[in-house]
Amino acid sequence: MSYLLTAIDAAEPLPSLHLRDDQTGWAALIRWKGRPVDFWIEPCDPGTTISARELARRIYTQSRYALTEAQLHFESPPPQASPPAVSVVICTHNRPERLTRCLASIQQHVPEDGPAEVLVVDNAPPDNRTRTAAQTAGVHYVMESRPGLNAARNRAFAEARGDWVAFLDDDVIVDAEWWGGLCHAHAANPDADGFTGQVMPYALETHAQVLFEQRGGFRRGFTSTRYGPAPHAPIYPCNTGILGTGANMVFRRDAVRRIGGCDEALDAGAALPGGGDLDLFYRVIRGGGVLVYEPTMLVFHEHRRTLQALRDQYEHSWGRSLMAYLVKIYQTDPATRPKVRRLLWWWTRDTGQHLSRATRGRTDRPLSFVIAELRGALRGLCGAYPRAVRRANRLKQEYPS
Amino acid sequence: MEHPPEALPRLSGSDGAYVVFWAHGIPLGHRLIPSSALPMSPAMLRAYAYPAIAPAVAHYNEQTANLRSTTDTIYTNTIDTDTIDTNTLSAIKHLLQNPSRLTSKPRYTSTDASVVICTRDRPEHLAACLHAIAALTPAPAEVIVVDNAPQTDATRRLVATRPGVRYVHEPRPGLDIARNTGVRTSTKPIIAFTDDDVRVDPQWLRYLCAGFDAPDVMAVTGLVLPATLDTESQYLFEIHWGFHRGYLPRRFDAAYMKAHRSRCVPVWDVGAGASMAFRRDAFMHVGGFDERLDVGAAGCSGDSEFWYRLLANGWTCHYTPMAVAHHTHRATAIGLRRQLEAYMRGHTAALLVQYERHGHPGLLRRLFVSLPKYYLRRLVAGALHGYQGRYQTLAAEIRGALSGVLFYLRTPAASPAHPFTGVETGAEAGPVAEHPAPAKSASQAT
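One line per chain: the protein sequences are A and B, in this order. For the first sequence, numbering that gives the first Met the number 0 begins at 0 and goes up steadily by one. For the second sequence, numbering that gives the first Met the number 0 begins at 0 and goes up steadily by one.
Think of the hints as simulated: they come from the structure by calculation, not from any bench. Fair warning: this is a prediction, and the values are worked out from it, not measured in the lab. Warning: the hint list may mix true and false statements.
[Unchecked claim] A few chain A residues that face chain B, going by a derived Cβ cut-off under 7 angstroms, partial list only:
1. THR67
2. LEU71
3. ALA187
4. SER223
5. ALA229
Positions of the beta carbon are idealized from the N, C-alpha and C atoms, including for glycine.
Build the full structure now, drawing on both the sequences and the hints.
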């Protein structure tokens, strides 16, 4: 099962699309003069041809307002400001091919004189292939032997030369709009301490990738949004997932230094593979900072290819790590406890609904995934965070910086 | 939006900002911006505005068919070029500079209109209301204040100080009675209504009148924005009830009626009594406001019942957001509860009145199926929320809905449904006809 994935610029002559016989649906990123404005994903019969004319009608009915919005953006371009001094950082662990692909996209789409540097943080490498890949691409390289993504991120904050650190995962490629989006967001929000961006699917070739994207993926819409410290909603700012994901985020280095860097108990490799980004968003906002979601700061992410890997992601990255993150803020930030409780209640209700729908076979989230997420959540609630803290402290002694 | 944008400052002591975006005097959209997003730079405020105004901008631009962009290659390989157009703010300006594009031929202007304000012992509200009416450009042909069963002569004295405003005394209490009196008193082909707690924009009447752009349009309604959102009650009312019907014009016609009749035609979507106008003919064709409804009687829905009657008789109602008025919502929790109780009372009574007149089964379905289901669900949800926030008015709403049914059963249908023949001669204010002709039945429609 795979989907046709395409990008359509509505300012250009429209193509006609043809689904292969193994494609059971299609997804399209709609652009206007390059600017991403809308995304569709829907099932469709294999072998269908969507004519340019049909496509035009669909764009008119479905994305007309989104296109209008883009046109308005073009009519009054934001004021030009000097671009921020950014270190683009890719933390990677033993995936040199992906890293090479990511670096190539940066080379292609990010202007030479844009960022202050591109830096690869090689996390606990088993060999020197990552070093070779970085050197071939001609970017800065640093090795961090203490395992864990957040350990690598902390190293990046220590090593980066720019005032800003832009984190990209090694399994993303940046879009041509990414750098411009970051510069515009920075110019429009000079007070912001960080930016998150849009994450679109890189491929929808397997069932797992389609399932992930149908669940909502990492997409966070096409509207710029500011997230500041004032609590405006019943569960804000505990629900930092609304901001985006660690695969595409930018922070002011001083702001993160001020709040003590990344928590190495989270995003700690297989031991606790998620939550680091949520925790960082949360602490920056709670510390009085402002984060901005910028939809044109676009990257494409290659989702897990196999159902087993996706199920693991449900169990560990979402179920277990989300709960570990919630336990952490519940224990460390008494002021927001009622919000955490409300968030937990919401999560339970939502998962319960998925469970009941999955048992009736009426969802695109298989039952085994829901159960995996629940299992992970239980483990996350039962001591996962304190365990991870002990492990992180042990690693710090083992690998002193 | 046509001016260089401004920044939105941090607000102390408020939970956020309700920002309405305009271009060339036309409201295009609004955003409720939480305080966590403030302060905000001019560029960011624009980014917040665009998604809110995009539908209205697209709409107004589609009316300017000859403003096609040279860059608009979107449909070059199709022949559907008439479906999409460039969407620019400057096109709105064009549109306004060529009003003929807005209304093919303005049938009526402000000088064809009487403005009727019904009030009761609220001279300080009325004074501000009249102040805004005096600023209307162009000025209306006449302004009539109907003083409804007043306890004092404060309203009379106030109106005496306003040149050009007619004062009419209506001793029988009831908003719809007062409105009917206003209709009979007025002399012009268009009768516009507003309330004493409303401030109209200077262009309000002009756009309301321009809304009568086809012979079958009998009613035009306008956009009602909140004047202030200072208290939780005002916020709750605006978010969950409100008079706001969006930034896109809508036409409600016989086809709309037909499409919704099997359930219940949501006539309350047509507009709000705080900003509405009718052709004088409307009252000749379908009678006056039903005096069993609205403040002083059931509590509400006299206006929407009238729209229902117009639609059922094949006429058209036109909502035009370009006609803007600002309403001051009730500031206190007790005021909001009373208001919503009256709303639901008027609503259920109006459902029964409409059923009595037209016999559409969807009305009973709403009364006996949809509403009970809705309130059961909200009772459960309210229990989880401790009956806070929007659930604090739940008891009042249910009480109102029940008492509306009782009110209908107890009140005889003695309303003057057709006292309006001969009004075009400009009858003076006088006692209401006691036993008017029976209501025209729906079977006579179209």
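Cross-check of the supplied hints:
no.: 1; hint: THR67; result: holds (4 angstroms)
no.: 2; hint: LEU71; result: holds (5 angstroms)
no.: 3; hint: ALA187; result: holds (4 angstroms)
no.: 4; hint: SER223; result: holds (4 angstroms)
no.: 5; hint: ALA229; result: holds (4 angstroms)
Of the numbered hints stated above, none is contradicted by the structure.
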